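Engineer: Assemble chain B onto chain A, guided by the hints.
Residue numbers (this note's numbering), protein chains in the order written: chain A, -13 to 321; chain B, -13 to 321.
Fair warning: there could be bad hints in the mix.
Because identical chains cannot be distinguished in the list, a pair is counted as satisfied if it fits within a single copy or across any two copies.
No farther apart than 25 Å at their CA atoms in a straight line, the calculated lysine to aspartate or glutamate pairs in the DMTMM-like style are these [unchecked claim]:
no., residue 1, residue 2
1, Lys313, Asp236
2, Lys86, Asp(-9)
3, Lys311, Glu39
4, Lys313, Glu294
5, Lys26, Asp52
6, Lys86, Asp230
7, Lys313, Glu83
Please keep in mind that the hints were generated in silico from the structure rather than gathered at the bench. A quick note: this is a predicted structure, and the numbers were derived from the prediction, not measured.
Spelled out, the chains give:
Protein chains: 2
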Amino acid sequence: MHLRDVGEVQVIESIRQRSRYLNDVVIPIGDDAAAVSWKKGWLQLLTTDLLVEGVHFLRERISMKDLGYKSMAVNLSDIAAMGGIPRYALVSLGLPEDLKTSELSEFYNGMYELADAYCVDIVGGDVTTSPIIVINIALMGEVESNLVLRQDQARVGDLVAVTGELGGSAAGLALLLNPQLCLPLEIRDRVLALHDRPHPRVHQGRVFARSGMVTAAKDISDGLSKEVLTIARSSHQGAVIWTDHIPILDETRQVAARLNIDPVNLAINGGEDYELLFTFSPTNLPHLQSIAIQENISFTILGEIVPEQFGYHIIDSKGIRQPLKAKGYNHFQGE
Amino acid sequence: MHLRDVGEVQVIESIRQRSRYLNDVVIPIGDDAAAVSWKKGWLQLLTTDLLVEGVHFLRERISMKDLGYKSMAVNLSDIAAMGGIPRYALVSLGLPEDLKTSELSEFYNGMYELADAYCVDIVGGDVTTSPIIVINIALMGEVESNLVLRQDQARVGDLVAVTGELGGSAAGLALLLNPQLCLPLEIRDRVLALHDRPHPRVHQGRVFARSGMVTAAKDISDGLSKEVLTIARSSHQGAVIWTDHIPILDETRQVAARLNIDPVNLAINGGEDYELLFTFSPTNLPHLQSIAIQENISFTILGEIVPEQFGYHIIDSKGIRQPLKAKGYNHFQGE
Chain A
-13 MHLRDVGEVQ VIESIRQRSR YLNDVVIPIG DDAAAVSWKK GWLQLLTTDL LVEGVHFLRE
47 RISMKDLGYK SMAVNLSDIA AMGGIPRYAL VSLGLPEDLK TSELSEFYNG MYELADAYCV
107 DIVGGDVTTS PIIVINIALM GEVESNLVLR QDQARVGDLV AVTGELGGSA AGLALLLNPQ
167 LCLPLEIRDR VLALHDRPHP RVHQGRVFAR SGMVTAAKDI SDGLSKEVLT IARSSHQGAV
227 IWTDHIPILD ETRQVAARLN IDPVNLAING GEDYELLFTF SPTNLPHLQS IAIQENISFT
287 ILGEIVPEQF GYHIIDSKGI RQPLKAKGYN HFQGE
Chain B
-13 MHLRDVGEVQ VIESIRQRSR YLNDVVIPIG DDAAAVSWKK GWLQLLTTDL LVEGVHFLRE
47 RISMKDLGYK SMAVNLSDIA AMGGIPRYAL VSLGLPEDLK TSELSEFYNG MYELADAYCV
107 DIVGGDVTTS PIIVINIALM GEVESNLVLR QDQARVGDLV AVTGELGGSA AGLALLLNPQ
167 LCLPLEIRDR VLALHDRPHP RVHQGRVFAR SGMVTAAKDI SDGLSKEVLT IARSSHQGAV
227 IWTDHIPILD ETRQVAARLN IDPVNLAING GEDYELLFTF SPTNLPHLQS IAIQENISFT
287 ILGEIVPEQF GYHIIDSKGI RQPLKAKGYN HFQGE
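This is chain A alone, in the form it adopts within the complex:
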């Protein structure tokens, strides 16, 4: 049997099952980041992301600066989803010999732009030759032990909400795959920027953690549908998403219209929006809304946590109920 026959989830599951945890691991493999005991009252958060040329990016379609930015952004987003403060990064680079030193310098510019903005120190790394560009960043952060945002603590009756608007990154990708599409420059630039330079929601994650009112959280790296299912399943609950409540970026609607596809599909299954998906008790809604206004954070309620036996559903504007399925990208098996 080959990896393409089993898929990414089973590969990760096979690692998880072998882990025995000999040290003080508070949150193991499976959440956005792992959490281990740190100084008194704090957890250390550990996360890593591997980007491979030809799989995660095409060298001719992304600038080295954006690539550096994005490599750091995806890790920052994982720390954000745990409510943490990012601190230290280890950067490993596999680089072709014919890469220009100016290109490497641009890569650093993009990486440090985000690292500096979030006070992250790059404390080590590894540089080696490689036939294709390979980037791995491991990022460490910290979070108060009693405030950490986990994915598995959602409760029945909790509302499901998301920061920002969805579908921007997917629209950017659609545009990259259909470059001939006739669209105003402002729209092109906006969705391409959302695809190449996502904003990690570190501030939002910190605000949610400190509020003490968020029961579960994840970043939307693999698509809304997959992330909602992960929160619900790991919390041993069911979930309902209301289609017409999903905040879809206006530019995404316009790209979808030109491509004659459903914008809801881009918003639900597109992934890489790096917004925060989170749950909280409806009794806390007024308080959370007032904090959000103070902190200049926008969020939208798009669903509800229900008992596990009710399953996972999506309800459209006509009240028609369909099963909620994970349609995000699955490595080794394609879509």
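Structural biologist: Same frame as chain A, but now just chain B:
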């Protein structure tokens, strides 16, 4: 200008120069691992290593089990060189779709063999498709703040010593490159094992750290000559190595004889022995020797730290002095 024109050292230097250190970084980029503030009285050690198919290993020449073992070993060795206790690992894998699930399983077996032996928890990772096998492990450890083994604290008059015997990994590589070589099976197996399954010197590093007598330490990943130069230069001292004191593995001498090459060359420039190179005051020699006997550790004195203005030399058995040059492998520029 391209990366092949500038070399690995300059690439790493360009990262180091950009680092400002916004958090509490005690030992920055450049040592075997970085060290940051951890719980009271302890430092956290952070290190990472990237292995790329075709650069660091050939898929047809190493078993997946040995590859898993080696990926963990090189990181454990970095923690060992700081005198630390390894704790948590993040594992990123880029894998071809046609890899067999049984091969991946073997990779885990090798990786967990070492992780279990040293009580390391694999707390997270990333798995993705890739046209070539790419492995990145980031490893976290801890060490008492006042006992950490740095590379930059060697003092004039210190003796330079090394654990074990050198040249085994280089002899293994020479055998892989010359498989037709006629040699007894015991010798073949021994040097191939030393190449594919190096023993990280975690126990030795802990003993040296706890002794409080070791002034500087590094693991020999890039060859003895390069590592001696790194200790001396970063300590702002000079160094002398006595050729006929270098402990050369007997099997390495036999492989060298068959290949008609100098075994000293394999021992000095070969690299990947993952023994510990360390310095200490000669007044502490009796005490360190008695500890080593108790702890079942063997080491050999092979040089001395001298004032910086004396430079870096190697003295052969006839008393002839030559400049000590870093001949280890340089990524982007080959040998």
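Engineer: So, for every hint listed, does it hold in this structure?
Structural biologist: Taking the hints in turn, this is what the structure says about them:
With identical chains, the CA atoms of Lys313 and Asp236 are at most 25 Å apart within one copy only, with a shortest distance of 22 Å there and 59 Å across copies. Taking the closest pair of Cα atoms, Lys86 and Asp(-9) come within 25 Å of each other only across two copies (9 Å); inside a single copy the shortest separation is 38 Å, beyond that limit. In the homo-oligomer, the alpha carbons of Lys311 and Glu39 never lie at most 25 Å apart, since the shortest distance is 29 Å inside one protomer and 36 Å across protomers. When the C-alpha separation of Lys313 and Glu294 is checked against a cutoff of 25 Å, the pair qualifies only within one copy, where the shortest distance is 20 Å, while the shortest distance between copies is 63 Å.
In the homo-oligomer, the alpha carbons of Lys26 and Asp52 never lie at most 25 Å apart, since the shortest distance is 38 Å inside one protomer and 39 Å across protomers. In the homo-oligomer, the alpha carbons of Lys86 and Asp230 never lie at most 25 Å apart, since the shortest distance is 48 Å inside one protomer and 43 Å across protomers. In this assembly of identical chains, Lys313 and Glu83 lie within 25 Å of each other by CA distance solely across copies; the values are 20 Å between and 38 Å within a copy.
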